[in-house]
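Asks: Given the sequences, and given the hints that come with them, work out the whole structure.
Here the protein sequences line up with chains P and D, keeping their order.
First residue of the first sequence: 1, per the numbering used here; consecutive thereafter.
First residue of the second sequence: 1, per the numbering used here; consecutive thereafter.
Calculated from the structure, these hints are not laboratory results.
Owing to the predicted nature of the structure, the values given are computational and were not obtained by experimental measurement.
Positions of the beta carbon are idealized from the N, C-alpha and C atoms, including for glycine.
Residues of chain P clear of chain D, computed beta-carbon distances all greater than 12 Å: (1) 13; (2) 14; (3) 16; (4) 22; (5) 52; (6) 62; (7) 69; (8) 81; (9) 82; (10) 113.
Pairs of lysine-lysine residues, derived as DSSO-like cross-links and limited to a Cα-Cα distance of at most 27 Å, are as follows: (11) 68(D) / 1(D); (12) 7(P) / 42(D); (13) 1(D) / 99(D); (14) 65(P) / 42(D); (15) 65(P) / 7(P); (16) 99(D) / 7(P); (17) 65(P) / 99(D); (18) 1(D) / 65(P); (19) 42(D) / 99(D); (20) 99(D) / 68(D).
Among the chain D residues that face chain P by a calculated CB cut under 10 Å, a handful are: (21) 41; (22) 91; (23) 100.
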Amino acid sequence: SAVISQKPSRDICQRGTSLTIQCQVDSQVTMMFWYRQQPGQSLTLIATANQGSEATYESGFVIDKFPISRPNLTFSTLTVSNMSPEDSSIYLCSARPRGLETQYFGPGTRLLVL
Amino acid sequence: KQEVTQIPAALSVPEGENLVLNCSFTDSAIYNLQWFRQDPGKGLTSLLLIQSSQREQTSGRLNASLDKSSGRSTLYIAASQPGDSATYLCAVHTGTASKLTFGTGTRLQVTL
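Replies: This is how it looks when you write it as structure tokens:
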């Protein structure tokens, strides 16, 4: 299994600012993912964080708005840039350990943009 | 494009009842299907994973089945307890990019 932590757990931000969310996994993982869960909705994949190369973004999400870093096999960051109230969501980090198919999730970061 | 639907959207049952949650998906070319539980304001907890070659998986009071050809999965919860109250999500793993596509979720409430 994998234990995933995220920081911050929640934040309230002003329109136009940026927030960086950190994700730490307790073991080396091959794949890390970032999801968004808008109020009352299910999860939507933002991007796959690739170690040593640029992230792969899903349709509707762009690097300028959601830059992602993955400097090693246990850590990734997601930045939500130039925020607007529509960015208010829960952002979840996820990882798939080596040799396993089960995907594990962090506790999420609750973001409110005013 | 894979689409995943869960029925019902919400369910309320008295403690002790057995219940079934349904998940359907449009593209049967899946690698596996995973059931998760999400408590209010929390992240996701993995419950069961069924490989595409399997028909069912069991963990304690939970049993998940998979009929890949018809694009359906069910999660059976036996002898429900108030602690089972949560939102249950199914997700299918498809495509070469190993992405999970999530269903809309079933919000379960088990009452005393």
